[in-house]
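Student: Line order of the protein sequences matches chains A and B.
Each residue of the first sequence is one higher than the one before, starting from 3 at the first, in my numbering.
Each residue of the second sequence is one higher than the one before, starting from 3 at the first, in my numbering.
Calculated directly from the structure, the hints in this document are not laboratory data.
Quick reminder that beta carbons are idealized off the backbone N, C-alpha and C, glycines included.
There's no promise every hint is true.
[What the hints assert, rightly or not] From chain A, some residues computed to sit far from chain B (all C-beta separations above 12 angstroms):
1) T21
2) N68
3) I94
4) G145
5) G156
6) H159
7) H171
[What the hints assert, rightly or not] Quick partial rundown of chain B residues pointing at chain A, CB under 10 angstroms, derived from the structure:
8) R4
9) Q5
10) T21
11) V80
12) A104
13) V125
14) F160
15) A163
16) P165
The residues making up each chain are set out below.
Number of protein chains: 2
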Amino acid sequence: MRQPVDLPKAYRLLNHGPTVLVSARHGGLRNVMAAAWAMPLDFDPPKVAVVLDKATYTRELVEQSNHFALSVPCQAQVRVVHAVGSHSGRGIDKFADYGLQALEEPTAQSPLVAGCVAWLDCVRIPQPEQEARFDLFLGEVTGAWALASVFTAGHWHFDPAQPELRTLHHIAGGHFFAIGEPVGE
Amino acid sequence: MRQPVDLPKAYRLLNHGPTVLVSARHGGLRNVMAAAWAMPLDFDPPKVAVVLDKATYTRELVEQSNHFALSVPCQAQVRVVHAVGSHSGRGIDKFADYGLQALEEPTAQSPLVAGCVAWLDCVRIPQPEQEARFDLFLGEVTGAWALASVFTAGHWHFDPAQPELRTLHHIAGGHFFAIGEPVGE
């Protein structure tokens with residue numbers, strides 16, 4: 003079950019470095035891409051940073067709509083994460099072509115990817131010079147959600163019996179690590 | 003054994019989202035802090051982004067020296083990673099106080115932390131406005147190294163028999179995940 007995450011805890015959805023899906027929509031068009039280069043930028047209000055290459059169609063939609071969402075995919079989705087990270091959505095509907103569905107979340111401005119384990123809906127903080135020079139996009143998180151079976155009360159708790167729900171951490175070329183076991187102090 | 007990493011492959015040291023140690027030195031002083039908010043920013047020449055809070059002494063040294071290093075710590079270091087992430091080094095030598103040693107790497111401009119599994123030596127790309135507004139620092143990687151027992155030929159390969167060498171991924175409050183198992187396509 004998807005549950006809202008308190009915004010001051012939203013950074014924890016990205017803190018351990020998962021690969022994300024970046025999605026956006028504008029004028030009836032939508033797209034989604036994979037990005038390993040995303041991180042929290044602030045606690046409260048929560049902000050994020052993500053690298054969006056100039057060649058990507060998702061970047062165009064972000065620039066047009068001023069919104070984007072980060073969805074945190076899981077091990078069950080490894081094939082589709084690699085696929086949407088390897089092909090452009092220009093001229094197609096990548097959601098439809100890759101069998102991805104957008105969640106029905108009326109408060110979200112960008113499409114959240116179903117089957118993921120956490121989601122951050124963001125409004126772009128425009129930085130035209132940095133976006134042009136470094137492909138670096140910043141956003142303020144305006145909504146956050148997580149699957150209650152892996153994240154509650156501000157903490158991740160992956161069940162060893164459900165490896166398919168573990169977050170993915172991209173190495174290169176479609177090879178990923180799943181997140182591992184807790185290491186206490 | 004520490005081996006150089008080809009610079010166009012250096013992004014892979016951070017691609018899977020590990021927590022890092024950020025270090026810098028200037029005028030005979032040095033410091034080190036933990037940062038979960040670091041990511042690659044470009045492939046070749048490799049660049050990185052890292053968030054350095056205004057309160058940190060390491061940030062002062064980065065601003066003064068225009069250099070910093072990212073060291074990628076491992077499970078064996080979980081206590082010291084949390085410790086150097088929780089206490090300021092202003093007025094003390096955190097290396098000495100926490101039993102950390104700097105590697106003898108004559109080509110590195112900043113101190114590399116011994117006992118880690120990978121290292122990136124960086125020159126700051128000054129962005130005064132963004133640094134002030136978002137605490138966001140950018141750097142170009144000028145040297146990269148990794149422990150041959152966990153990273154060779156551009157790829158991580160963690161041995162299940164050596165959990166102590168797995169990278170750390172911070173959740174919150176000194177709790178970490180170790181990186182887990184490979185997930186292929």
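Student: Hints first: check each against the structure and report whether it holds.
Tutor: Checked hints:
1. A beta-carbon of chain B comes within 12 angstroms of the beta-carbon of A/T21; the shortest separation is about 8 angstroms.
2. The claim that A/N68 is not at the interface with chain B holds, since no C-beta of that chain comes within 12 angstroms of its own (minimum 18 angstroms).
3. Look at A/I94: its CB is around 21 angstroms from the nearest CB on chain B, clear of 12 angstroms, so calling it non-interface holds up.
4. Listed as a non-interface residue, A/G145 keeps its Cβ farther than 12 angstroms from every Cβ of chain B; the least gap is roughly 20 angstroms.
5. In this structure A/G156 is not separated from chain B by more than 12 angstroms, as the shortest Cβ-Cβ distance comes to only about 7 angstroms.
6. Not every Cβ of chain B is farther than 12 angstroms from the Cβ of A/H159; the closest lies at roughly 10 angstroms, contradicting the non-interface assignment.
7. For A/H171, the requirement that its beta carbon stay farther than 12 angstroms from each beta carbon of chain B is not met, with the minimum near 4 angstroms.
8. Taking 10 angstroms as the C-beta contact cut-off toward chain A, the hint placing B/R4 at the interface is violated, the least distance being around 20 angstroms.
9. The beta carbon of B/Q5 comes no nearer than 18 angstroms to any beta carbon in chain A, farther than 10 angstroms, and the hint placing it at the interface is violated.
10. Taking 10 angstroms as the C-beta contact cut-off toward chain A, the hint placing B/T21 at the interface holds, the least distance being around 8 angstroms.
11. Given hint, B/V80 at the interface with chain A, holds; its Cβ is 5 angstroms from that chain's nearest Cβ, closer than 10 angstroms.
12. At about 24 angstroms, the closest approach between the beta carbon of B/A104 and any beta carbon in chain A exceeds 10 angstroms, and the interface hint on this residue is violated.
13. Hint status for B/V125 relative to chain A: violated, with the closest Cβ pair at about 15 angstroms, above 10 angstroms.
14. With its C-beta approaching chain A no nearer than about 8 angstroms, B/F160 sits inside the 10 angstroms limit, and its interface hint holds.
15. Residue-level restraint check for B/A163 is violated (minimum Cβ-Cβ distance to chain A is 15 angstroms; threshold 10 angstroms).
16. The beta carbon of B/P165 is positioned within 10 angstroms of a beta carbon in chain A (closest approach about 9 angstroms), and the interface hint is therefore held.
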